[in-house]
Amino acid sequence: MSRVLDAKGKDLRVVSTQLKEMIAADGKEATVKNASHLHGLCAGLKGGEITIEGDSGDYLGVLNDGALIRVAGNAGRYAADNMTHGTVLVDGDTDYGAAQYCYGGIVVVKGSAGDFTATMNKGATVIIGQDVGDEVGTYMLAGDLVIVGNAGRNLGNYLIRGNIYVGGQWASLGHNVKEETLTKADVDKLQGYLAKYAIKADPRAFRKLAPLSAKPFYK
Amino acid sequence: MPVVGAFCVTVHKDICINAQMPGKCATCVEVCPYEVYAIDGNGQVAVQNYNACVGCRICAEFCPENAIRINPAESEYLSRYPWTLGQVEEIHHKALTGGYLLRGFGTMGPMPHFDQIVVVPSQLAAEPPKDKYREECEMEVVIGEDTCEKPIRLQYPIIFPAMSFGALSREAKLALAIAAAKTGIAENTGEGGLVAEARHYCHGYIDKEETQKKWEPGGYLVVQWSTGRWGVSVDFVRAGDAVEVKIGQGAKPGMGGHLLGAKVTEEIAAVRGVPVGSDALSPCRYYDVLSFEDLKKQVAFLRDVTNYEKPIWIKLGPSRPYDDVRLAAEAGVDAISLDGIAGGTGASPDLVTQGVGIPTIACIPPAVRALKDLGLHRKVKLFALGGIRNGLDAVKALAMGADGVGFGTAAEIAMGCRACMACHKGNCPYGITSQKPELRARLDPEEAGQRLANFVKATVEEIKILTMLSGHSDIKDLSEEDLRAVDPETAAITGLKLIGYERRMPWWENGHDN
Numbered sequence: 019m020s021r022v023l024d025a026k027g028k029d030l031r032v033v034s035t036q037l038k039e040m041i042a043a044d045g046k047e048a049t050v051k052n053a054s055h056l057h058g059l060c061a062g063l064k065g066g067e068i069t070i071e072g073d074s075g076d077y078l079g080v081l082n083d084g085a086l087i088r089v090a091g092n093a094g095r096y097a098a099d100n101m102t103h104g105t106v107l108v109d110g111d112t113d114y115g116a117a118q119y120c121y122g123g124i125v126v127v128k129g130s131a132g133d134f135t136a137t138m139n140k141g142a143t144v145i146i147g148q149d150v151g152d153e154v155g156t157y158m159l160a161g162d163l164v165i166v167g168n169a170g171r172n173l174g175n176y177l178i179r180g181n182i183y184v185g186g187q188w189a190s191l192g193h194n195v196k197e198e199t200l201t202k203a204d205v206d207k208l209q210g211y212l213a214k215y216a217i218k219a220d221p222r223a224f225r226k227l228a229p230l231s232a233k234p235f236y237k
Numbered sequence: 044m045p046v047v048g049a050f051c052v053t054v055h056k057d058i059c060i061n062a063q064m065p066g067k068c069a070t071c072v073e074v075c076p077y078e079v080y081a082i083d084g085n086g087q088v089a090v091q092n093y094n095a096c097v098g099c100r101i102c103a104e105f106c107p108e109n110a111i112r113i114n115p116a117e118s119e120y121l122s123r124y125p126w127t128l129g130q131v132e133e134i135h136h137k138a139l140t141g142g143y144l145l146r147g148f149g150t151m152g153p154m155p156h157f158d159q160i161v162v163v164p165s166q167l168a169a170e171p172p173k174d175k176y177r178e179e180c181e182m183e184v185v186i187g188e189d190t191c192e193k194p195i196r197l198q199y200p201i202i203f204p205a206m207s208f209g210a211l212s213r214e215a216k217l218a219l220a221i222a223a224a225k226t227g228i229a230e231n232t233g234e235g236g237l238v239a240e241a242r243h244y245c246h247g248y249i250d251k252e253e254t255q256k257k258w259e260p261g262g263y264l265v266v267q268w269s270t271g272r273w274g275v276s277v278d279f280v281r282a283g284d285a286v287e288v289k290i291g292q293g294a295k296p297g298m299g300g301h302l303l304g305a306k307v308t309e310e311i312a313a314v315r316g317v318p319v320g321s322d323a324l325s326p327c328r329y330y331d332v333l334s335f336e337d338l339k340k341q342v343a344f345l346r347d348v349t350n351y352e353k354p355i356w357i358k359l360g361p362s363r364p365y366d367d368v369r370l371a372a373e374a375g376v377d378a379i380s381l382d383g384i385a386g387g388t389g390a391s392p393d394l395v396t397q398g399v400g401i402p403t404i405a406c407i408p409p410a411v412r413a414l415k416d417l418g419l420h421r422k423v424k425l426f427a428l429g430g431i432r433n434g435l436d437a438v439k440a441l442a443m444g445a446d447g448v449g450f451g452t453a454a455e456i457a458m459g460c461r462a463c464m465a466c467h468k469g470n471c472p473y474g475i476t477s478q479k480p481e482l483r484a485r486l487d488p489e490e491a492g493q494r495l496a497n498f499v500k501a502t503v504e505e506i507k508i509l510t511m512l513s514g515h516s517d518i519k520d521l522s523e524e525d526l527r528a529v530d531p532e533t534a535a536i537t538g539l540k541l542i543g544y545e546r547r548m549p550w551w552e553n554g555h556d557n
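First to last, the protein sequences are chains A and B. Sequential numbering of the first sequence, starting at 19, is according to this note's numbering. Sequential numbering of the second sequence, starting at 44, is according to this note's numbering.
Note that these hints are calculated values from the structure, not bench results. Accuracy of the hints is not assured; some may be wrong.
Taking lysine to aspartate or glutamate and the EDC-like style, the derived pairs with C-alpha atoms no more than 20 Å apart in a straight line are [to be verified]: (1) A:Lys38 <-> B:Asp189; (2) A:Lys64 <-> B:Glu336; (3) A:Lys64 <-> B:Asp189; (4) A:Lys28 <-> B:Glu336; (5) A:Lys214 <-> A:Glu197; (6) B:Lys415 <-> B:Asp189; (7) A:Lys233 <-> A:Asp206; (8) B:Lys339 <-> A:Asp206; (9) A:Lys38 <-> B:Glu192.
If you want a taste of the chain B side facing chain A, the calculated C-beta under 7 Å gives, among others [said to hold, decoys possible]: (10) Gly316; (11) Val317; (12) Asp322; (13) Arg328; (14) Asp331; (15) Ala343; (16) Val348.
Every residue, glycine too, gets a C-beta built ideally from N, C-alpha and C.
Input sequences plus hints: build the corresponding full structure.
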């Protein structure tokens, strides 16, 4: 059974220390409430299942390396920053720059995500249930970015590797990105993502973006 | 107006077609409009009038064997500045390719530097000199003593600053680690991830479990958190004895790291998470920092990830040293590296390396002032980087208020580098900045590590000599009073007393804006 840690009035060091002790001692599950003032909570965890009641602060789950982190509300800026393994699930929206610099793991945002989401993604699977802002997927080097709704300007700017799937419209595409035909393998993959995270959308209606060149800067 | 007689014309007879077969080629005679060359009745070409050469080099361009060299006969800065041959060639390069120049290494050419400062020895008017041969000199620098559970204790006021795996070969990174272990100082990963052995090598061990110590006394590994975040994971962050947050560097402040595709091998690509052969160009700023408050949050969570045990460091390029250092200190770090314009790089646009940023000697005084104003001087440790070559430069930086210095370019040279400035091409013949196996094989990590350790130890002795002849037995007692500027410009820049005048320049005496 998950124990509850009330973070109200506590600083990062205190809450982080207590949280790690709870995960180690109590079947790896913990719930944290009143944590929206804490930035960098759940940093560098290698396991455990943590639920954040309400909203989280910035840098939630930075350097996550195996934990399952669920936010019942909205997440602040830079959620799941530089994650390598594990899962971050946000029931609400994420602010600017979710899932940046990730090498792996899964980030699912049921609501909308802000500008520069999934920038420099190097291998994570990032699924956004609604719309995203501008400059999303900038300098992405690997991984999948799935946007169920609409995207803003300069989507996929300087895409190097990886795939971007968009269910809605985009305001504009960035440099070094092109539209490709969706394959059956793509549809199957999307179907799997959507089913697993209970997101209603038709995978065949998505469009796929891929890089023009793997070496766009210096010829 | 061309300067007559300003050029040396050299024809390499071994490859000149005419020299081998008179009459077969006289291209230089035909293309030269100034009659520098002449052809005789036997068809032999000779240089008949050196003084007529204006340096247009049309002969060199048309020579089918590339046998002709035209070089300035005297300093170009006297005869041709600002239109030196290098400048002319740069414009030609741009006109031909549409691309700007890239190169490795650091700023070249005249720039205010440590050479315009002298060390003042102790005689009657100061503490008597200490005996270098028979007395001790305290040199330890402790980072994070009051803030971290595991502070770093450098034996000497020296670090190897950030140089990435990718910019440097694996062998060079291991040599730096071995040297750090042998001298008790710190090596820095740079932003290219971690060479697997580097951590335990830095600590002096030859095995990952750190049970078999080979190199005494053992040193430290600083891991870098940077804008490209190449190879960065929680394990990487925790592998370090300190974490350095890179904001900028001297060779290209305002730009991120450049690792050109020629050096992105399978091994580098795997560590960095980029495609083989692609350019790994780090962002110029953190995508995940939008404000100073965000930077403070980063410092805070890096402390949390490292269990509040290890120092957090910031590296700055040469911009506005007072304000930048003040903000860095206010972000809550334990140490600050401040890199002057002469700092090195593996690759950078040439014009950025040459012309962006301010000299190292101009960075140190405002940085020290910022720390003093916050009451943090000697608590938050300041490391001066950028063109530090020897113990003399080091002592000058220390006396100006730095706690330590970094040897980056000098460390490469200690490993064997000859400063050809072509690090970015990946063909380093000494195996230091190349990723090609046949070139890397030329660099033995243990041998290069010993050379580096020798260099550090010799430099430490130089620091000891200079500190003690100034009347001190602890590097922390060095002060501006131990230095003099040799010209008004340097006195104006640094706030040091001017030789002869024996006072600071008036505006330093009367106070000034930061």
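Hints and how they fare:
1. Taking the CA atoms of lysine 38 (chain A) and aspartate 189 (chain B), the gap is about 25 Å. The hint is violated against a cut of 20 Å.
2. A distance of roughly 27 Å separates the Cα atoms of lysine 64 (chain A) and glutamate 336 (chain B); the hinted pair therefore is violated under the 20 Å criterion.
3. For the hint linking lysine 64 (chain A) to aspartate 189 (chain B), the alpha-carbon distance of about 29 Å lies beyond 20 Å, and the restraint is violated.
4. Restraint check: the Cα-Cα separation between lysine 28 (chain A) and glutamate 336 (chain B) comes to about 19 Å, which is no more than 20 Å; the hinted pair holds.
5. Distance check on the hinted pair: lysine 214 (chain A) and glutamate 197 (chain A) sit about 26 Å apart at the alpha-carbon level, beyond 20 Å; violated.
6. About 17 Å separates the Cα atoms of lysine 415 (chain B) and aspartate 189 (chain B), which keeps this hinted pair within 20 Å; it holds.
7. For the suggested pair lysine 233 (chain A) and aspartate 206 (chain A), the alpha carbons sit about 29 Å apart, so the restraint of at most 20 Å is broken.
8. Restraint check: the Cα-Cα separation between lysine 339 (chain B) and aspartate 206 (chain A) comes to about 43 Å, which exceeds 20 Å; the hinted pair is violated.
9. Our distance criterion of 20 Å between C-alpha atoms is met by lysine 38 (chain A) and glutamate 192 (chain B), whose separation comes to about 19 Å.
10. Because the smallest distance between the Cβ of glycine 316 (chain B) and any Cβ of chain A comes to about 4 Å, under 7 Å, the interface hint for this residue holds.
11. Annotation: interface hint on valine 317 (chain B) holds; nearest CB of chain A at approximately 6 Å, less than 7 Å.
12. Nearest Cβ of chain A to the Cβ of aspartate 322 (chain B): about 5 Å, under the 7 Å cut. The hint holds.
13. Interface restraint check for arginine 328 (chain B): the shortest CB-CB distance to chain A comes to about 12 Å, outside 7 Å, so the restraint is violated.
14. Evaluation of the aspartate 331 (chain B) hint against chain A yields a held restraint, the C-beta minimum of about 5 Å falling below 7 Å.
15. The interface hint given for alanine 343 (chain B) holds, since its Cβ lies 6 Å from the closest Cβ of chain A, which is under the 7 Å cut-off.
16. Given hint, valine 348 (chain B) at the interface with chain A, holds; its Cβ is 4 Å from that chain's nearest Cβ, closer than 7 Å.
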